[in-house]
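S.K.: So the sequence shown is numbered by the working numbering: it starts at 187 and just counts up by one.
A hint or two may mislead.
[As the list claims (entries may be wrong)] What follows is a set of in silico ranges between Cβ atoms, one per label pair, in the way DEER data are often shown:
hint, residue 1, residue 2, range
1, Gly-517, Lys-228, 22 to 28 Å
2, Met-603, Glu-350, 21 to 27 Å
3, Lys-549, Ile-389, 46 to 52 Å
4, Asn-508, Thr-357, 17 to 23 Å
[What the hints assert, rightly or not] Below are the EDC-like pairs computed for lysine to aspartate or glutamate, each with C-alpha atoms no more than 20 Å apart in a straight line:
hint, residue 1, residue 2
5, Lys-328, Asp-405
6, Lys-604, Asp-284
7, Lys-402, Glu-432
8, Lys-328, Asp-369
9, Lys-343, Asp-319
10, Lys-407, Glu-364
11, Lys-482, Glu-432
Quick caveat, the hints were computed from the structure, so don't treat them as lab data.
Treat the numbers as computed from the prediction; the structure is a model and nothing was measured.
Note that beta-carbon positions come from the ideal geometry of N, C-alpha and C, so glycine has one too.
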Amino acid sequence: MRKIFILLLSFVILQSCTQTKTDYLRKNRFDLTSSKFEFPQKEFKIIGFGAYHGSAETENVELKLLESLTKEGTIKYYLPEVDYSTAHFFNHFLQTGDTTLLKELVVYNGYHTPQERTIEFYEKWKKIKTLNDSLPLESKIKVLGIEWIRNYKYVSKHLLELVEDDNETLTPITEIKEMVKIDTTSYSLGDLSFAHHKLKGLIVDYEENKELYKSKINDIKVFEHILKNIKISFEKKVNREEVIYENYLNLSSIYDFKNKPQFMRVGFFHIEKSREGKKGNPSFFTRLIENEVYPKDKVLSIIGYLTNSMVVWDETYDDKGNYSGYTVEAGYGIGDYEKEYFRGIQNLKDHKISEKTLFRLNKKESPYLINEPDLIEVIMKDQKSNGDAVKGMSTLDFLDYAILISDSKESIPIYEMK
Numbered sequence: 187m188r189k190i191f192i193l194l195l196s197f198v199i200l201q202s203c204t205q206t207k208t209d210y211l212r213k214n215r216f217d218l219t220s221s222k223f224e225f226p227q228k229e230f231k232i233i234g235f236g237a238y239h240g241s242a243e244t245e246n247v248e249l250k251l252l253e254s255l256t257k258e259g260t261i262k263y264y265l266p267e268v269d270y271s272t273a274h275f276f277n278h279f280l281q282t283g284d285t286t287l288l289k290e291l292v293v294y295n296g297y298h299t300p301q302e303r304t305i306e307f308y309e310k311w312k313k314i315k316t317l318n319d320s321l322p323l324e325s326k327i328k329v330l331g332i333e334w335i336r337n338y339k340y341v342s343k344h345l346l347e348l349v350e351d352d353n354e355t356l357t358p359i360t361e362i363k364e365m366v367k368i369d370t371t372s373y374s375l376g377d378l379s380f381a382h383h384k385l386k387g388l389i390v391d392y393e394e395n396k397e398l399y400k401s402k403i404n405d406i407k408v409f410e411h412i413l414k415n416i417k418i419s420f421e422k423k424v425n426r427e428e429v430i431y432e433n434y435l436n437l438s439s440i441y442d443f444k445n446k447p448q449f450m451r452v453g454f455f456h457i458e459k460s461r462e463g464k465k466g467n468p469s470f471f472t473r474l475i476e477n478e479v480y481p482k483d484k485v486l487s488i489i490g491y492l493t494n495s496m497v498v499w500d501e502t503y504d505d506k507g508n509y510s511g512y513t514v515e516a517g518y519g520i521g522d523y524e525k526e527y528f529r530g531i532q533n534l535k536d537h538k539i540s541e542k543t544l545f546r547l548n549k550k551e552s553p554y555l556i557n558e559p560d561l562i563e564v565i566m567k568d569q570k571s572n573g574d575a576v577k578g579m580s581t582l583d584f585l586d587y588a589i590l591i592s593d594s595k596e597s598i599p600i601y602e603m604k
């Protein structure tokens, strides 16, 4: 009898929580497809949008967020998942509209995030340019990169822009200039790489002969920031979150991040606001909060969830290394699959109002404050998940907003573009 009573009580409590979440979500949802959409919060230091890579509509969701956040000059900087030098050349595209450069950037960005080497990623950047062109001068956004280096092409080209050595008195710079001019190296990382050795030679020469360089460098802070990241790329083991965090701090003094809010687009782990368990690796956002760079309520996290959708998975190549096609996932890899799904995602599915629905979770009366890790715990049937690590934690420990993206097609590799 006692067991039956406990089961009934548990059922009543569960139903109560579900009903509370039902009422709450119904009152705090927004249609991202509406022309009247406005992001609900304006006061923050940094806001991040994270989602699985490789789904077409994710790029359109990001555009909607950018449109709203740039409308009144709310954000000043855009931080995509690229290194500092790659971001520099994305700024070149925004200024010039050079689509040949843009396509090349998309291809090379694939060394870092292969699922974004896509036509949809390319088209998104064209729309970002159109958006930025429409903004008044004081509201235009600048692209900045805080990621680690995954390829040396744009690093090499950026260094050449920073150094004026017309007389070719700096041998390492001359050698890098020749390498870029010939453009036959892969610019890959690793000590077997030609570019690796040329950049290492520059660093050694610069550290031994700084006075020879200083009069020829037009921005020493930026130059040294790039060299520091090149040195990190030489290391065998790198803590990516630590690199992102340190890069952010280094650039903050140059770009006044504390007074100029930023929008960041990354995979969702980087914008989780708490560790997954006491021993979990702290994400970038967690580091900002734990080190008191910003108060937790000034760091906003938006996570995108897919349902009934597809993602591009792998590019395929023939025996000669030529691109031959791509593979797609529609179950595993989207976070809403019978063998791998987010706890509590059904509540979002039950209350969506369009194919792109934003839910604000962080209101004071939010039921997502209770110690249930909805939308963060991944339930997996065939392998171990993060359930033990996040047990007893709340959704709002990790995120502030959820976006449900429904019925999205996969992104298409840029190599399919005619």
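S.K.: Which hints, by number, does the structure contradict?
M.R.: 1, 2, 4, 7, 8, 9 and 10
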